Amino acid sequence: MEAKYDHIGKGYNNTRKADPFILERIQYHLNPIHEGIYLDIGCGTGNYTSKLHNKETKFIGIDPSQKMLNIAQKNHPTIDWKLGAAENIPLKNNSIEGVVGTLTLHHWDNLEKGFSELFRVMKPYANIVFFTATPTQMEGYWLNHYFPKMLADSIAQMPSLKTIETAMNLAGFGNIFTEKYNIQPDLKDQFLYVGKNNPKLYLDENIRNGISSFSHLANQEEVEKGLTQLEKDIASGDIQKIIKSYENREGDYLFLLSQKEN
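Residue numbers (this note's numbering): 3 to 264.
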């Protein structure tokens with residue numbers, strides 16, 4: 003079966019750059035104090051992998067999409083890229099110093115199996131850092147106003163924080179921590195809620211092509227209708243009322259952190 007990201011538009015690698023702020027937080031929480039091999043699971047085209055990879059902290063990137071890996075290999079030939087999935091990681095037991103993953107958990111077929119595999123390949127006291135969004139957070143996106151079906155479908159595929167924590171606990175991860183993230187005005191990685199503070203971004207087809215909700219889940223008729231209304235509301239200023247009505251304290255995304263304790 004072809005991976006979902008085999009079907010995402012050509013613009014993906016042009017709009018999905020590693021964001022410096024998100025990168026800094028991943029690096030901080032990963033805390034790579036040991037030289038050795040680290041893992042980026044669901045690495046895509048390797049935009050974050052390549053920024054984290056260096057002489058002391060060598061990264062392996064694993065992804066189920068061969069098309070994504072081909073781009074990663076072409077752009078960063080010195081990094082080890084492997085075809086695989088979280089549920090079936092082609093690595094030895096206790097071989098990895100730490101794990102990161104950005105916006106990948108909702109693509110896994112089986113969370114418990116995926117986290118069990120990560121636990122298996124991680125060395126004792128290795129850190130794990132994921133960047134994701136929860137259904138509760140996504141219900142607070144003003145995009146729901148313009149693309150209700152698309153957002154409902156996107157939310158439906160996102161595991162809840164409780165579901166993730168349960169799967170991690172069953173896999174062997176003990177203490178789990180979270181850090182909320184709110185969209186920054188200068189966000190470089192143009193994922194789903196990139197236009198939170200700049201709605202005009204969604205009028206750019208290239209940006210929409212790099213977002214799986216638009217390119218894979220969306221109904222074209224709803225998208226066209228929503229974009230037409232969005233453009234009108236931007237012109238009239240009504241968009242600001244819509245945005246304000248969705249203000250909340252849940253955060254837009256979150257960093258999920260844990261450690262293999264033994």
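Hints are supplied without guarantee of correctness; some may be wrong.
To be verified - Here are the computed distance ranges between Cβ atoms for each label pair:
#1 Gln29 to Pro187: 13 to 23 Å
#2 Asn112 to Thr180: 15 to 25 Å
#3 Thr168 to Asn33: 23 to 33 Å
#4 Pro92 to Ile35: 18 to 28 Å
#5 Glu249 to Tyr127: 38 to 48 Å
#6 Lys57 to Ile245: 16 to 26 Å
#7 Lys164 to Asn184: 17 to 27 Å
#8 Pro187 to Gly239: 15 to 25 Å
#9 Pro137 to Glu37: 32 to 42 Å
#10 Tyr248 to Asn90: 12 to 22 Å
#11 Leu172 to Asn56: 29 to 39 Å
#12 Glu37 to Lys164: 18 to 28 Å
These aren't lab readings, by the way, just hints derived from the structure by calculation. The model shown is predicted, which means the values in this text are computed figures rather than measured ones. By construction, the Cβ of each residue, glycine as well, lies at the ideal position given by its N, Cα and C atoms.
Now the hints, each set against the structure:
1. About 21 Å separates the C-beta atoms of Gln29 and Pro187, a value consistent with the hinted range of 13 to 23 Å.
2. Asn112 and Thr180 have their C-beta atoms about 22 Å apart, which keeps the hinted 15 to 25 Å range intact.
3. Look at Thr168 against Asn33: about 25 Å separates their beta carbons, and that is inside 23 to 33 Å.
4. The supplied range of 18 to 28 Å is met by Pro92 and Ile35, whose beta-carbon atoms lie about 26 Å from each other.
5. Judged by the Cβ atoms, the range 38 to 48 Å given for Glu249 and Tyr127 holds: they are separated by roughly 40 Å.
6. For Lys57 and Ile245, the hinted distance range of 16 to 26 Å is not satisfied, since their beta carbons lie about 44 Å from each other.
7. Between Lys164 and Asn184 the C-beta distance comes to about 22 Å, which sits within the given range of 17 to 27 Å.
8. Checked against the given bound of 15 to 25 Å, the beta carbons of Pro187 and Gly239, roughly 19 Å apart, stay inside it.
9. Here the CB-CB span from Pro137 to Glu37 is close to 39 Å, well matched to the stated 32 to 42 Å.
10. As the Cβ distance of Tyr248 to Asn90 is approximately 39 Å, the hint placing it in 12 to 22 Å is violated.
11. The beta-carbon spacing between Leu172 and Asn56, approximately 34 Å, falls within the hinted interval of 29 to 39 Å.
12. Separation of Glu37 from Lys164 is about 36 Å and departs from the stated range, judged on CB atoms against 18 to 28 Å.
Checked against the numbered hints above, the structure breaks hints 6, 10 and 12 and satisfies the rest.
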